[in-house]
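J.: Build out the structure end to end from the sequences listed, making use of the hints.
Respectively, the protein sequence lines represent chains A and B. Letter by letter, the first sequence follows residues 1 to 488 in our numbering. Letter by letter, the second sequence follows residues 1001 to 1227 in our numbering.
It is possible that some hints are incorrect.
As the list claims (entries may be wrong) - Below, a sample of chain A positions facing chain B; criterion: calculated Cβ distance under 7 Å:
#1 Val144
#2 Lys160
#3 Ala171
#4 Gly196
#5 Val202
#6 Gly207
#7 Asn209
#8 Met212
#9 Trp265
#10 Thr275
#11 Met280
#12 Leu430
In case anyone wonders, no lab produced these hints; they're calculated from the structure. Ideal Cβ positions, reconstructed from N, Cα and C, are used throughout, including at glycine.
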Amino acid sequence: MQHNPAVEYDYTVAKWFSYLTILFGILGMGVGVLIAFQLAFPELNYIFGEYSLFSRLRPIHTNVVAYGFTVSGIFATWYYVGQRVLKVSMAESKFLMTIGKVHFWIYFITALLAVVSLLFRVTTSKEYAQFEWPLDILVVVLWVLWGVSIFGLIGIRREKTLYISLWYYIAAFLAVAMLYLFNNMEVPTRLVTGYGSWLHSVSWYAGTNDAMVQWWFGHNAVAFVFTTPIIAMIYYFLPKESGQPVYSYKLSLLSFWGLMFVYLWAGGHHLIYSTVPDWMQTMGSIFSVVLILPSWGSALNMLLTMKGEWNQLKENPLIKFMVLASTFYMLSTLEGPIQSIKSVNALAHFTDWIPGHVHDGTLGWVGFMIIAALMHMAPRFYKREIYSKKLLEMQFWLQTTGIVLYFSSMWIAGITQGMMWRAVDQYGNLAYSFIDTVTVLHPYYTLRAIGGLMYFIGLFMWAYNFYKTMTASKAIEKEPQFASPMAA
Amino acid sequence: MFGWLERNPFFFAVGVFVVIAFAGLIEILPDFAQQSRPLVGTKPYTVLELAGRQVYIKDSCNACHSQLIRPFKSETDRYGMYSLSGEYAYDRPFLWGSKRTGPDLHRVGNYRTTDWHENHMWDPTSVVPGSIMPAYKHMFKNDTDIETAYAEALTVKKVFNVPYDTDIDGDGKIDVPLGSYEEAVENAKKQAAEIVAQMKNQDVKDAFKNGQIKEIVALIAYLNRLK
Chain A
1 MQHNPAVEYD YTVAKWFSYL TILFGILGMG VGVLIAFQLA FPELNYIFGE
51 YSLFSRLRPI HTNVVAYGFT VSGIFATWYY VGQRVLKVSM AESKFLMTIG
101 KVHFWIYFIT ALLAVVSLLF RVTTSKEYAQ FEWPLDILVV VLWVLWGVSI
151 FGLIGIRREK TLYISLWYYI AAFLAVAMLY LFNNMEVPTR LVTGYGSWLH
201 SVSWYAGTND AMVQWWFGHN AVAFVFTTPI IAMIYYFLPK ESGQPVYSYK
251 LSLLSFWGLM FVYLWAGGHH LIYSTVPDWM QTMGSIFSVV LILPSWGSAL
301 NMLLTMKGEW NQLKENPLIK FMVLASTFYM LSTLEGPIQS IKSVNALAHF
351 TDWIPGHVHD GTLGWVGFMI IAALMHMAPR FYKREIYSKK LLEMQFWLQT
401 TGIVLYFSSM WIAGITQGMM WRAVDQYGNL AYSFIDTVTV LHPYYTLRAI
451 GGLMYFIGLF MWAYNFYKTM TASKAIEKEP QFASPMAA
Chain B
1001 MFGWLERNPF FFAVGVFVVI AFAGLIEILP DFAQQSRPLV GTKPYTVLEL
1051 AGRQVYIKDS CNACHSQLIR PFKSETDRYG MYSLSGEYAY DRPFLWGSKR
1101 TGPDLHRVGN YRTTDWHENH MWDPTSVVPG SIMPAYKHMF KNDTDIETAY
1151 AEALTVKKVF NVPYDTDIDG DGKIDVPLGS YEEAVENAKK QAAEIVAQMK
1201 NQDVKDAFKN GQIKEIVALI AYLNRLK
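T.: So, in structure tokens, the structure goes:
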């Protein structure tokens, strides 16, 4: 194996995707904060007329955060990490460079069209798969382009062995391709009949089958958008930033293949006590619990990477972000299996505990990891120090407090809701009408919105810090080996 | 073996794909034929109901309301008989929802009336004090897209053999007629007339006299159908 220290990596596409990550982060979470406040203060539904109704904005929030913020973050880090662990620069291949740029622009156009179409009520209503068929086709195109980029770069690599992060990027690419294709099988009605809207389609599957495919997709979109690529990031950025080798190669093998095998089974836990066959619900439940093993395997592997170096946690805010991300990943992957146990699910399903669970994962794990990744890349992008360590510290504490407020209020809200739905009086009659279970949640909805707002403010601090790093920070002469240099 | 895989990206990718795809094959495929069988008595949606269903989808009502009653006493007491798979045979897409910010609607047609829905969509707190649901007044202004609903019905009839223009229950009569586009519009108007007659909103009534069916009418047709 030949090592070429003179490789000049080309970060053009990585930078573009980084800007989009920040932009969509602010947009998606801004909408999130608004809809959180709407649940506490319904008058806020009307601030932009019918375009700001909760039900219309909620899919925009989920889609912009999942496919705008997170997927941009994934692409941004891919175009950075990919080159570095394969020891090959995109500048060496005109073809791959072009693919990267086309990938970016098609992605950007698709994202804009997606937001506009959802705003104007063009939706298939399947959660996290709301796009109508023309947009689905665009998504497939941009995904294929990403695949070309991955395997193209691998094809011209100098480093023979694929680093762990690459395993996860490859898995994310393959799994999302399969899931997205199958779940979005739909028949455009205009093409079949010649009547009606061009944009309308009807699902290939009906009723219970549709639900099975949807949650097989929905759950595993979490696996392969919110988990797998983020693990790819932490496996690269934490060892790099801390200067520590990955704790255990065997553990990373075990948790990778374990995760690949187990995750797909767990989708059934969204359908417990529904009309899907009982054996499927049970499988979903059991495999969700088994899933703790590979999930905690990766998280522990990362935490143990810090062994003997815990002092860095005090000194380096980026390490703080990443270590807490791992911790939130562990929390979230323990909470999910608990919610998948049938008796707990009977209480938790349909309540606010579920968005609570989603958000300790997404805000704590996904959000923190992407924030840290971009801040690690920034000094390498621009050959400048991170503008302000103090600001980064403040952001960390503000956002952490925000997350804690978010999930704790939603735990209480969800369990309250679930208990009230099933409460009966001494004669066995239902003790509460539905609206009682809504009005009682007002204080928790308010707290949640405040938590979300704190996280959202943190995003602006992040954006400002990134922008200042890009434009006004002190130049560094050579690329930092490990810990990112930062000004006080 | 793993070391070898990590140096051979093609086989690595194939390996990953096989391991990922395994669960889907085992869990999802076997039940496809069985689960799509309609329950006896379940009929396809009329064009007006389908149009209403499209309105329900367009405004993402399923973001807050479920359509899945679980087999618990607390739910059957509150909403009615628990849901059965065969009832959803004509639901494309399914609308079970994942969160109940508002109550379940799977059997809302049993206990709410046209009148109630009209008030609820115009001003939710007028019928449910304390409700945090926003008003959906634009549904009283927008015209229903009957043509797209017809296209959907015709598509599922052609592609998935949904029994329109068929005698489903064997009583010698066609249960849900579809026919040509013109016939479908006529039928939709006939069904709409009954709903409009029970409504109070003068604008909706006037529009109907001029041949327009507002979205609220279609939505109520759909909600009344949920039983």
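J.: A separate judgement is required for each hint: does it hold in the structure or not?
T.: Here's how the hints hold up against the structure:
1. Val144: The hint is violated - valine 144 of chain A has no Cβ within 7 Å of chain B, the shortest such distance being about 14 Å.
2. Lys160: Check passed: Cβ of lysine 160 of chain A comes within 5 Å of chain B, closer than 7 Å.
3. Ala171: At about 5 Å, which falls below the 7 Å cut-off, the nearest Cβ of chain B leaves the hint on alanine 171 of chain A intact, so it holds.
4. Gly196: holds (3 Å)
5. Val202: This hint holds: valine 202 of chain A lies near chain B, its Cβ roughly 5 Å from the closest one there, short of 7 Å.
6. Gly207: holds (3 Å)
7. Asn209: holds (5 Å)
8. Met212: With a closest approach of 6 Å, the methionine 212 of chain A hint holds.
9. Trp265: holds (4 Å)
10. Thr275: Holds - the Cβ of threonine 275 of chain A comes within 7 Å of chain B, reaching about 4 Å at its closest.
11. Met280: Methionine 280 of chain A check passes; min Cβ-Cβ to chain B is 6 Å, inside 7 Å.
12. Leu430: holds (6 Å)
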